[in-house]
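*Asks:* Protein chains in written order, with this note's numbering: chain A, 2 to 486; chain B, 4 to 500.
Careful: at least some of the hints might be erroneous.
[What the hints assert, rightly or not] With a straight-line cut-off of 30 Å between C-alpha atoms, the simulated DSSO-like cross-links for lysine-lysine are:
hint : chain 1 : residue 1 : chain 2 : residue 2
1    : B       : K35       : B       : K110
2    : B       : K32       : A       : K433
3    : B       : K71       : B       : K496
4    : A       : K433      : B       : K35
5    : B       : K170      : A       : K433
6    : A       : K30       : A       : K94
7    : B       : K110      : B       : K451
8    : A       : K356      : A       : K144
9    : B       : K110      : B       : K170
10   : B       : K79       : A       : K482
11   : A       : K147      : A       : K30
12   : A       : K433      : B       : K110
13   : A       : K356      : A       : K94
14   : A       : K147      : A       : K482
15   : A       : K154      : A       : K94
[Unchecked claim] Away from chain A, derived, C-beta distances all over 10 Å, residues of chain B:
hint : residue
16   : A39
17   : A54
18   : V149
19   : G162
20   : M301
For the record, the hints were derived by calculation from the structure and aren't laboratory data.
Quick reminder that beta carbons are idealized off the backbone N, C-alpha and C, glycines included.
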Amino acid sequence: MNLELLIPELTLAVFAGLVIILDTLIEQKRLLAQVSLSALVISGGISLALWGGNIPAIFNNMLAVDNFAIFFKLLFLGIAFLVILSSIDYVNKFAHFQGEYYALVLLATLGMMLMAATADLISIYVALELTSISICALVCFLKDAKSTEASLKYILLAALSSAVMLYGMALVFGFTGKTQLSEIARVIQATPMTTLVTSPALVLGIVLLIAGFGFKIAAVPFQMWVPDVYEGAPTPITAYLSVASKAAGFAVIVRVFFSSFGNTWLSMNWGITFAALSAISMTIGNIIAIPQSNIKRLFGYSSIAQAGYLMVGLAALGFSSATDIIGRSSILFFLASYAFTNMGAFIAIIAISNKLDSDLIDDYSGMGRRAPLVALALTFCLVSLVGIPPAAGFMAKFYIFSAAVKRGLLWLVFIAVINSVISAYYYLRVVKVMWLGEAVSPERVPSSGVLRLGLVLATLGVLLLGITPGYVMRLAEFAAKIFTF
Amino acid sequence: MGFNYLSWMLFLPAAGAIIIAFIPGLTEKRIKCLAAGLTFISFALAVFVFATFDRSPSAVGVIQFEEKALWIAPLKAYYHLGVDGLSLPLALLTAFLGFLSVLISWKIEMRWREYFAWLLLLETSILGVFLSLDLLLFFIFWEIEVVPMYFLISIWGAGRREYSAIKYVVYTLFGSAFMLAGILSLYFTTGSLSMVDIASRGLGMVQSIMRPTIIFFLVLVAFAVKLPVFPLHTWLPDAHTDAPTAASVILAGVLIKMGGYGMIRLCVAFFPQVAQQYAVILVVLAIIGVLYGAAVTMRQTDFKRLIAYSSISHMGYVLLGIFALGRVSLVGASLQMFSHGLVTGLLFAMVGLVMHNAHERDLRQFGGLARQVPIITVVFSIAGLASLGLPTTSGFAAEFITFIGSYSSTTVPGIQVYTILGVLGVVVTAGYILWMLQRVFYGPVQEKYSSMADADVLEQVYMFAFVAVIMLVGIYPAILTDVLKLGISPVVKLLGG
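Please model the complete structure; the sequences and the hints are all you need to start from.
*Replies:* As structure tokens, this is what we get:
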């Protein structure tokens, strides 16, 4: 047993329990947030210490503690940090259960960290369910009609997608007789080409896996839950869903598909599947986003489109040779830059909605005068989402598209860049309302210190990743390298 | 290493933008002085670079004042700046107009803090386009420019400003989407992002994977939108007309030159064979642009829109000169870009001034202003005459060299016919310019303009700065052509000339 390798996860589990117990003992609820934040910092510090260890598999080959997993763990911890920062004022909306709220955020993070580290189909499933159930509880925290409806939709569709995925796993297991990812890869490599081509079970299994994971990353046609859930959930949780949940989904997809189904014939096929899903996701996400009047719904569709851009990387991955790491590293970099950008945008939205109590884009009118810095940060994040330099979003797109062009997927990149132009229209509409619209009231919109801190951290991240992306790209390359076995 | 002239020149305005945007409590006066001061230093550096630029024959195609540092290692992208004969005049023009546009904006009335921040950021982004020698850096500056221009038009503009602003953004982003695809293809077929490398190693290595024709056209679209080339020009009249005066000056003066510069630097220099093959299409589009632009200009009744449309016609000459692909015609096209930047910049500044002082923009309502505002009339007439190409103004030198060069070019079959058709544009230009001058400044004096103010001291300063440079280039064009030749020669060599 290498229990020390699991300390980051165990820390979160222990602190989650601790937060719930503390909640019953203390009056000063802010302390709960501080305890949760310190849990994340401790966990992050220990994860960082494990960087470079590259232990391929522990616990009967259930988990891998490699750079890839640690990259994602740090990402999730960072996101959770910003989510909790942005929740400190928001949680005053509900009088009770603040301890449970923080604990659930920690548990969801724990689930995602495990998702990034799984090396076995069974542990994937367990980790995924831990995440889904925690998030589902978080979504209904507002306990009003919309929030409850959102939660119900989420749990029903999550259950459905889990079932589909489980069926896929069963088929893959039936074909290979293994649950461990590296073993599956070995069996498939040893299978002659003719058998592969004539075995619909394996192909069906892979398709079902794509469907199951497609739910997590909000790809079309598995995106139906997104707008309603994004709108109904507490805003910090929406942010969390849009960023961390998606990143976790991509972590699992990259690991499973690359290490298990890396066979040339198979990977060409899932590569083209992801290419098609990518083209559909970005187009539909961007077009439906245009008429939205609620900013959270707008971000829902925006996140579908962003999943589309990310899948450009998956498609490139399918067409890459094993030694070519740019497909993987560009996905990691994109996720990191997307995390900062979307978190920044959502913290700004939280700051504004705390005061306005509205998520309608029209109510953002004149925000440039009422809350100049928040509006400026939101503008910068929106510019990043369009993919205009010097924001991180541009570098991320450049990197991921370059991976695709390198693999001859110019047509897909073409669709993606045209989509970026379409997206400029609705992202800039928010910008326009904020800076050009008349202020509804002259009253300023103040924001608390913690929100400002979160906003500054996220925006700085967007700026740094946009101007000096080299360091994070290098990290992403190191993280992506582990697969070259 | 020494002093990094280009970096200072490039980032001083941006630094000013950051100071203005984030340091609270700056008074209006201080902001304006800061903006003027920093852009002036930037301009002074540009003049210094221009003055000390090595013009000896051994400097043909040599990148001077080069700065190079590794920037993003995994992408092999460099922070690479430098000037050669092609980019230096345009960078100088940008710095010049950047400084003058601050003076032109002196009377801006609202939200001056944001206004000057955006204006300065705009200058940095345009300078960046002309100074970058790395494709990624080039593209980044190319894209950044959209944001300040969007805000300048949509907040401080007039008329249908929000519509014009978003139209401008969508057109530009649409073009750059194509360019991004093109640059990525170039990057993977050549393995390099360095503009110098790709141009010097030539087409040979591009042929391998992707057909160079596709990349050529992908990249060309972005520049064609910007220049603009018929039929991608429809954003221009709206954006130019509705933008605030200083933004119009920058738009017409240097921003659309990014298109012409890009065509020479990326399209012609990277794909000389493809350019030769398809030049005739672009020459035809150029002539359509010249004649169509001129004809439409004739019909305008809005003062500012008239100048805007005249740009389409004048940019046709640039396109003609570039794709005539001759040594002289390319020099002429580059000179035309410089000259048009000055002349149209001045025209827009003057139109802005007249509109501001007269509170009127409909040409049919004007008349007889020559009595009331003599200084404006004189300067406006000079600008108008330069626009129609009167000798001793830069417009004459530029158009003359362009036509001579195109006519004598041997690369494109039938170029003589196209050139002669293009020359017809000059006649129409003379028509609408003189008619405009007549309608505005001559004719019976109107009572309602009797209290109209003439140019004040500050306005006279920038007017005479413009006029002086227009005359200087008109009388002694060699001051620019000597430099331009150094940049054009290597391109012509690639074309086999």
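*Asks:* If a hint holds in the structure, say so; if it does not, say that too.
*Replies:* Each hint, compared with the structure:
Taken as a hint, the K35 (chain B) and K110 (chain B) pair is honoured in the structure, with Cα atoms around 10 Å apart against an allowance of 30 Å. Distance restraint check for K32 (chain B) and K433 (chain A): the Cα-Cα separation of roughly 28 Å lies within the 30 Å cut-off, and the hinted pair is therefore satisfied. At most 30 Å may separate the alpha-carbon atoms for a hinted pair to count; K71 (chain B) and K496 (chain B) meet this at roughly 26 Å. For the proposed pair K433 (chain A) and K35 (chain B), the alpha carbon gap of about 25 Å is at most 30 Å, so the pair holds.
Restraint check for K170 (chain B) and K433 (chain A): satisfied, since their Cα atoms lie roughly 13 Å apart, inside the 30 Å limit. The hinted pair formed by K30 (chain A) and K94 (chain A) meets the criterion: a straight-line CA distance of about 13 Å does not exceed 30 Å. Between K110 (chain B) and K451 (chain B) the alpha-carbon distance is near 23 Å, which keeps this suggested pair within the 30 Å criterion. Using a Cα cut-off of 30 Å, the hinted pair K356 (chain A) and K144 (chain A) holds, with the two alpha carbons roughly 20 Å apart.
Distance hint between K110 (chain B) and K170 (chain B) is fulfilled; the C-alpha atoms sit about 27 Å from each other, no more than 30 Å. A distance of roughly 19 Å separates the Cα atoms of K79 (chain B) and K482 (chain A); the hinted pair therefore holds under the 30 Å criterion. Annotation: proposed proximity of K147 (chain A) to K30 (chain A) holds, straight-line Cα distance about 26 Å (limit 30 Å). Restraint check for K433 (chain A) and K110 (chain B): satisfied, since their Cα atoms lie roughly 24 Å apart, inside the 30 Å limit.
Distance hint between K356 (chain A) and K94 (chain A) is fulfilled; the C-alpha atoms sit about 12 Å from each other, no more than 30 Å. Pair hint K147 (chain A) plus K482 (chain A) does not hold up; C-alpha atoms about 44 Å apart against a cutoff of 30 Å. Taking the CA atoms of K154 (chain A) and K94 (chain A), the gap is near 23 Å; set against the 30 Å cutoff, the hint holds. A39 (chain B), annotated as away from the interface, keeps every beta carbon of chain A farther than 10 Å; the closest lies near 24 Å.
Residue placement check: A54 (chain B) keeps its beta carbon more than 10 Å from all beta carbons of chain A (closest about 32 Å). Its beta-carbon lying about 6 Å from the closest one in chain A, V149 (chain B) breaks the requirement of being farther than 10 Å from that chain. At roughly 14 Å, the least C-beta separation between G162 (chain B) and chain A is larger than 10 Å, which holds for a residue marked as non-interface. A cut-off of 10 Å between C-beta atoms confirms that M301 (chain B) is not in contact with chain A; the least separation is 34 Å.
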